[in-house]
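Trainee: For the protein sequence lines, the chains are H and D, in the order given. In my numbering, each residue's number is its place in the first sequence (first place is 1) plus 6. In my numbering, each residue's number is its place in the second sequence (first place is 1) plus 83.
Hint data in this document are derived by calculation from the structure and do not stem from the laboratory. Check each hint, because a few of them may be wrong.
Estimated spans, in silico, between C-beta atoms of each pair [as the list claims (entries may be wrong)]: (1) H:Gln165 / D:Ala331: 34 to 44 angstroms; (2) D:Leu198 / H:Glu332: 40 to 50 angstroms; (3) D:Asp357 / H:Gln274: 29 to 39 angstroms; (4) D:Asp407 / H:Ala132: 28 to 38 angstroms; (5) D:Ser359 / H:Glu211: 42 to 52 angstroms; (6) H:Gln274 / D:Pro368: 44 to 54 angstroms; (7) D:Asp335 / H:Glu332: 48 to 58 angstroms; (8) H:Ser16 / D:Gly347: 48 to 58 angstroms; (9) H:Glu211 / D:Gly232: 52 to 62 angstroms.
Partial pick of chain H residues on the chain D-facing surface, computed with a CB cut under 7 angstroms [unchecked claim]: (10) Leu204; (11) Asn205; (12) Gly248.
Listed below are the simulated DMTMM-like cross-link pairs for lysine to aspartate or glutamate, each with C-alpha atoms no more than 25 angstroms apart in a straight line [claimed, not checked]: (13) D:Lys228 / D:Glu474; (14) D:Lys528 / H:Asp97; (15) D:Lys150 / D:Asp320; (16) D:Lys324 / D:Asp493; (17) D:Lys228 / D:Glu262; (18) D:Lys350 / D:Asp320; (19) D:Lys185 / D:Asp287; (20) D:Lys350 / H:Asp271; (21) H:Lys149 / H:Asp207; (22) D:Lys350 / H:Glu80; (23) D:Lys528 / H:Asp266; (24) H:Lys300 / H:Glu211; (25) H:Lys149 / H:Asp130; (26) D:Lys528 / H:Glu394; (27) H:Lys149 / H:Asp97; (28) D:Lys428 / D:Glu474; (29) D:Lys528 / H:Asp299; (30) H:Lys149 / H:Glu80.
Note that beta-carbon positions come from the ideal geometry of N, C-alpha and C, so glycine has one too.
Listed here are the chains, written in short residue letters.
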Amino acid sequence: MSDPYSSFISTGPGRKIARQLGLPQPANLRRYSPGQPLLTGPVLVTGSGAGADALATELLSWDLDIRRHAVPKEKLGAIILVLDELRTPADLEVPVLGVGSSLRDLMPNARVLSVSRTAADAADPAQAAARQGVDGLVRSLAKELRGGATANGVLLAPQTLTTSTSALAALRFFLSGRSAFVDGQFLTVTSDAGSPTLNHDRPLEGKVAVVTGAARGIGAAIARTLYRDGATVVAVDVTAAGQQLAAVVNSIGGTALQLDVTSPDAGQRIIEHAIDRHGRLDIVVHNAGITRDKLLANMDQQRWNSVISINCEAQLRINRALLDSEHFRDGPRIISLASTSGIAGNRGQTNYAASKGGVIGMVQATAPLLAPWGGSINAVAPGFIETEMTARIPFATREVARRLNSLQQGGTPGDVAEAIAFLASDAAAGITGDVLRVCGQNMVGA
Amino acid sequence: MSAAGLSAHSTQEPTGHGPVSSTPGNPAGARPDQAGGPEVSGAGLRRAVIVGGNRIPFARSGGAYAKSSNQDMLTAALDGLIARFGLQNERIGEVAAGAVLKHSRDFNLTREAVLGSALSAETPAYDLQQACATGLETVLGLSNKIRLGQIDSGIAGGVDSASDAPIAVSEGLRTVLLELNRAKTLQKRLQILSRLRPKDLSPDAPDTGEPRTGLSMGEHQALTTAQWNITREAQDDLALKSHHNLAAAYADGFFDDLLTPYRGLAKDSNLRADTSMEKLAALKPVFGKNLGSAATMTAGNSTPLTDGASTVLLSSEDWAREHDLPVLASVVDGEAAAVDFVHGKDGLLMAPAFAVPRLLARNGLTLADIDFFEIHEAFAGTVLSTLAAWEDPEFGQDRLGLSGAFGTVDRSKLNSCGSSLAAGHPFAATGGRIVATLAKMLHQKGSVDGRPARGLISVCAAGGQGVVALLEAA
Numbered sequence: 007m008s009d010p011y012s013s014f015i016s017t018g019p020g021r022k023i024a025r026q027l028g029l030p031q032p033a034n035l036r037r038y039s040p041g042q043p044l045l046t047g048p049v050l051v052t053g054s055g056a057g058a059d060a061l062a063t064e065l066l067s068w069d070l071d072i073r074r075h076a077v078p079k080e081k082l083g084a085i086i087l088v089l090d091e092l093r094t095p096a097d098l099e100v101p102v103l104g105v106g107s108s109l110r111d112l113m114p115n116a117r118v119l120s121v122s123r124t125a126a127d128a129a130d131p132a133q134a135a136a137r138q139g140v141d142g143l144v145r146s147l148a149k150e151l152r153g154g155a156t157a158n159g160v161l162l163a164p165q166t167l168t169t170s171t172s173a174l175a176a177l178r179f180f181l182s183g184r185s186a187f188v189d190g191q192f193l194t195v196t197s198d199a200g201s202p203t204l205n206h207d208r209p210l211e212g213k214v215a216v217v218t219g220a221a222r223g224i225g226a227a228i229a230r231t232l233y234r235d236g237a238t239v240v241a242v243d244v245t246a247a248g249q250q251l252a253a254v255v256n257s258i259g260g261t262a263l264q265l266d267v268t269s270p271d272a273g274q275r276i277i278e279h280a281i282d283r284h285g286r287l288d289i290v291v292h293n294a295g296i297t298r299d300k301l302l303a304n305m306d307q308q309r310w311n312s313v314i315s316i317n318c319e320a321q322l323r324i325n326r327a328l329l330d331s332e333h334f335r336d337g338p339r340i341i342s343l344a345s346t347s348g349i350a351g352n353r354g355q356t357n358y359a360a361s362k363g364g365v366i367g368m369v370q371a372t373a374p375l376l377a378p379w380g381g382s383i384n385a386v387a388p389g390f391i392e393t394e395m396t397a398r399i400p401f402a403t404r405e406v407a408r409r410l411n412s413l414q415q416g417g418t419p420g421d422v423a424e425a426i427a428f429l430a431s432d433a434a435a436g437i438t439g440d441v442l443r444v445c446g447q448n449m450v451g452a
Numbered sequence: 084m085s086a087a088g089l090s091a092h093s094t095q096e097p098t099g100h101g102p103v104s105s106t107p108g109n110p111a112g113a114r115p116d117q118a119g120g121p122e123v124s125g126a127g128l129r130r131a132v133i134v135g136g137n138r139i140p141f142a143r144s145g146g147a148y149a150k151s152s153n154q155d156m157l158t159a160a161l162d163g164l165i166a167r168f169g170l171q172n173e174r175i176g177e178v179a180a181g182a183v184l185k186h187s188r189d190f191n192l193t194r195e196a197v198l199g200s201a202l203s204a205e206t207p208a209y210d211l212q213q214a215c216a217t218g219l220e221t222v223l224g225l226s227n228k229i230r231l232g233q234i235d236s237g238i239a240g241g242v243d244s245a246s247d248a249p250i251a252v253s254e255g256l257r258t259v260l261l262e263l264n265r266a267k268t269l270q271k272r273l274q275i276l277s278r279l280r281p282k283d284l285s286p287d288a289p290d291t292g293e294p295r296t297g298l299s300m301g302e303h304q305a306l307t308t309a310q311w312n313i314t315r316e317a318q319d320d321l322a323l324k325s326h327h328n329l330a331a332a333y334a335d336g337f338f339d340d341l342l343t344p345y346r347g348l349a350k351d352s353n354l355r356a357d358t359s360m361e362k363l364a365a366l367k368p369v370f371g372k373n374l375g376s377a378a379t380m381t382a383g384n385s386t387p388l389t390d391g392a393s394t395v396l397l398s399s400e401d402w403a404r405e406h407d408l409p410v411l412a413s414v415v416d417g418e419a420a421a422v423d424f425v426h427g428k429d430g431l432l433m434a435p436a437f438a439v440p441r442l443l444a445r446n447g448l449t450l451a452d453i454d455f456f457e458i459h460e461a462f463a464g465t466v467l468s469t470l471a472a473w474e475d476p477e478f479g480q481d482r483l484g485l486s487g488a489f490g491t492v493d494r495s496k497l498n499s500c501g502s503s504l505a506a507g508h509p510f511a512a513t514g515g516r517i518v519a520t521l522a523k524m525l526h527q528k529g530s531v532d533g534r535p536a537r538g539l540i541s542v543c544a545a546g547g548q549g550v551v552a553l554l555e556a557a
């Protein structure tokens with residue numbers, strides 16, 4: 007799981023050699039730890055409309071150092087481009103070129119964020135063009151930034167404001183070290199739903215969360231992160247992984263549930279365990295998954311079926327039990343693990359990509375079913391993450407995979423877990439049916 | 084031998100042992116009050132319940148746990164229990180466990196395991212040792228403390244490693260070393276050392292031989308097996324059922340919440356799901372080869388040396404409720420017995436044949452009132468000899484003081500999820516395995532004819548001892 011190259015170039019001589027040879031120079035990313043300030047350095051909020059003003063006023067209450075105009079030579083922690091009033095592509099010129107000269111003043115691990123509206127809901131083609139233009143703009147800008155800086159965007163659906171609870175929550179997530187490995191991505195705020203987080207160090211206080219596949223890797227990181235954020239965790243994994251599962255659980259409290267997610271009564275048993283032992287069930291993270299890679303020409307029934315069954319069918323069956331349960335109606339949150347393979351495809355992974363594409367379809371179709379309960383469901387799609395699984399990839403392949411993103415490094419299981427913890431919070435309730443990629447803007451899968 | 088022992092008319096009375104609150108001469112009156120009130124000798128006592136259990140899969144010695152110590156395995160079993168029931172940093176009333184094969188450094192084995200686990204370091208613990216009955220006795224001891232209100236929660240358990248067994252120096256070397264330590268002058272030291280002989284240097288490994296007879300447990304059982312005319316076929320059949328029942332329980336996921344894998348092992352390594360009468364019949368006898376009659380005991384119908392650990396979480400009903408924990412069964416009563424095997428009066432492992440009749444009589448029950456029998460399979464011959472004794476009118480009259488045979492065990496109710504022949508038998512860990520397994524079976528069964536399902540546990544032990552217990556679904 008180590009990345010010796012990154013360690014090497016973080017030394018003085020290493021940095022010099024890398025620069026001279028034109029080799030990748032991955033930055034040490036700013037990652038969240040409790041008690042850490044949201045970010046350092048002033049935040050430039052551009053845009054002159056009511057939405058920009060309201061947002062800037064709101065951000066002042068976050069104890070941020072807000073600028074409405076760039077001060078020459080002043081280092082910036084973040085730039086927020088408020089573009090919610092675009093009517094035509096020509097409207098992009100002034101605000102976008104306006105921040106261009108400020109980019110050189112960005113501090114390491116800075117953030118550039120756009121706030122704009124969803125193109126699908128535009129009044130006319132010109133407005134749609136302008137709004138969709140923001141997509142290409144932010145993704146390209148993300149590829150230009152260096153030093154661990156990232157660019158992401160918040161998309162507002164009709165009836166939502168720059169100051170809607172989930173718009174603010176998304177901005178906070180993107181500004182913070184919680185989004186370290188999220189780059190070139192958008193989160194869509196579909197409604198005004200959600201209640202603001204009161205304690206930002208423990209946003210999940212009082213919640214009961216179930217995490218499947220929690221014995222190791224990303225699942226163990228999710229369990230630890232949800233616990234850190236205040237949740238009581240039910241950690242689920244197959245019996246064979248029980249020893250590691252117990253170790254994870256005993257380090258964070260909560261309970262271990264040895265269970266095969268593909269068993270027909272898995273959903274019922276998860277609900278019963280959470281209710282009987284912890285009195286409620288608020289969050290379910292579908293993380294359990296497997297890979298059984300083979301070119302389709304060589305694919306056998308067992309490889310195909312096991313992947314579809316565990317990665318997709320099991321989630322569908324458990325969700326059905328959750329939707330039927332009267333115990334999952336108090337602002338329930340479901341987060342499913344998708345994969346960039348499910349978006350962009352990956353050679354040798356037809357089964358895996360089909361299952362993960364399936365997860366994305368499931369998430370989109372399930373969102374309206376949870377809406378009556380103030381619920382939400384989203385997918386998180388990891389890119390190259392440093393885990394025991396990816397450590398087994400042959401060296402050269404692994405080294406290429408790890409550098410093929412805008413941050414020129416692999417992410418950590420904790421990076422994925424942070425995105426999941428954010429989507430599990432009540433402040434994010436207005437984001438549903440969405441897919442958030444945690445991939446450092448992987449070159450594949452857009 | 085005490086005078087009382089000699090004057091006992093060679094019977095071990097089924098009643099008249101222990102405090103009995105029922106009307107004398109009316110054992111039926113001792114039937115427990117099902118409304119949750121006190122039972123038998125338990126007037127004014129609260130119930131002790133079994134919340135659940137956890138064990139590591141049992142491994143044949145020299146296998147997966149060859150390099151694990153008793154403390155490693157007991158800690159692992161505890162940690163799995165803690166994870167299952169969310170007991171991290173919990174101060175448990177008391178933890179009691181033990182091992183039969185024990186290093187001298189393990190003088191505080193259970194407390195050390197607690198300190199290495201995720202429990203609160205303020206959890207007290209003690210070691211207990213009663214040969215193979217160790218595990219069951221820890222359950223009974225802690226249950227009694229819970230019933231008395233001395234503690235609200237307890238973890239009972241046991242562990243044994245035949246792989247990491249202690250090896251002692253010879254008695255000669257030990258004496259020399261101790262004297263050497265006391266010697267004050269060089270001259271004296273050399274004098275002591277000169278007494279050392281080459282034979283003193285060979286180590287003393289533990290075995291299962293009985294100190295007073297020199298016979299191994301297997302040879303003792305062979306005598307009993309022959310005495311009760313237990314056939315090879317009957318023993319192999321019992322072994323076959325044990326394997327098939329255990330395999331079926333695994334296939335059903337029955338052990339998903341009773342077991343936590345350890346060191347890559349997720350199932351008992353002794354389990355042979357595909358064994359058959361033919362395969363068992365092909366094994367050569369290993370015990371009783373010099374008895375005159377044909378030897379019947381093989382490696383297939385005897386338990387192998389095994390490594391493993393088990394734990395059981397016990398508590399009062401209130402404690403379980405306050406901790407939002409399930410309640411599977413309650414510990415109703417227990418009984419110990421011992422036999423005079425030294426003089427050949429009874430077989431070494433026949434003590435439960437006396438303990439069970441006393442236990443059931445005290446509770447106003449007969450074998451017909453029991454829904455699940457868990458008779459520890461030290462050897463298939465042990466179980467079958469015990470059943471044969473109970474079915475024998477002569478034994479009933481002469482040895483149990485009854486009017487006829489004690490009764491018959493319905494074989495369909497015997498060791499339904501497999502027992503030691505299939506799972507293996509890490510001595511002190513067997514009791515915990517059986518208690519947790521039976522508690523879950525009772526919970527699943529719920530009630531029978533409007534009363535809680537009942538289960539009986541019988542464990543034989545070295546030294547001619549036996550401990551038995553009565554459990555009831557909760």
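Trainee: Hint by hint, say whether it matches the structure.
Mentor: Quick rundown of the hints versus the structure:
| no. | hint | result |
| --- | --- | --- |
| 1 | H:Gln165 / D:Ala331: 34 to 44 angstroms | violated (58 angstroms) |
| 2 | D:Leu198 / H:Glu332: 40 to 50 angstroms | holds (43 angstroms) |
| 3 | D:Asp357 / H:Gln274: 29 to 39 angstroms | holds (32 angstroms) |
| 4 | D:Asp407 / H:Ala132: 28 to 38 angstroms | violated (60 angstroms) |
| 5 | D:Ser359 / H:Glu211: 42 to 52 angstroms | violated (58 angstroms) |
| 6 | H:Gln274 / D:Pro368: 44 to 54 angstroms | holds (50 angstroms) |
| 7 | D:Asp335 / H:Glu332: 48 to 58 angstroms | violated (29 angstroms) |
| 8 | H:Ser16 / D:Gly347: 48 to 58 angstroms | violated (36 angstroms) |
| 9 | H:Glu211 / D:Gly232: 52 to 62 angstroms | violated (36 angstroms) |
| 10 | Leu204 | violated (26 angstroms) |
| 11 | Asn205 | violated (23 angstroms) |
| 12 | Gly248 | holds (4 angstroms) |
| 13 | D:Lys228 / D:Glu474 | violated (36 angstroms) |
| 14 | D:Lys528 / H:Asp97 | violated (73 angstroms) |
| 15 | D:Lys150 / D:Asp320 | violated (34 angstroms) |
| 16 | D:Lys324 / D:Asp493 | holds (14 angstroms) |
| 17 | D:Lys228 / D:Glu262 | violated (44 angstroms) |
| 18 | D:Lys350 / D:Asp320 | holds (22 angstroms) |
| 19 | D:Lys185 / D:Asp287 | holds (14 angstroms) |
| 20 | D:Lys350 / H:Asp271 | holds (22 angstroms) |
| 21 | H:Lys149 / H:Asp207 | violated (31 angstroms) |
| 22 | D:Lys350 / H:Glu80 | violated (64 angstroms) |
| 23 | D:Lys528 / H:Asp266 | holds (23 angstroms) |
| 24 | H:Lys300 / H:Glu211 | violated (43 angstroms) |
| 25 | H:Lys149 / H:Asp130 | violated (30 angstroms) |
| 26 | D:Lys528 / H:Glu394 | violated (43 angstroms) |
| 27 | H:Lys149 / H:Asp97 | holds (23 angstroms) |
| 28 | D:Lys428 / D:Glu474 | holds (19 angstroms) |
| 29 | D:Lys528 / H:Asp299 | violated (44 angstroms) |
| 30 | H:Lys149 / H:Glu80 | holds (23 angstroms) |
Against the hints set out earlier in the document, violations occur for numbers 1, 4, 5, 7, 8, 9, 10, 11, 13, 14, 15, 17, 21, 22, 24, 25, 26 and 29.
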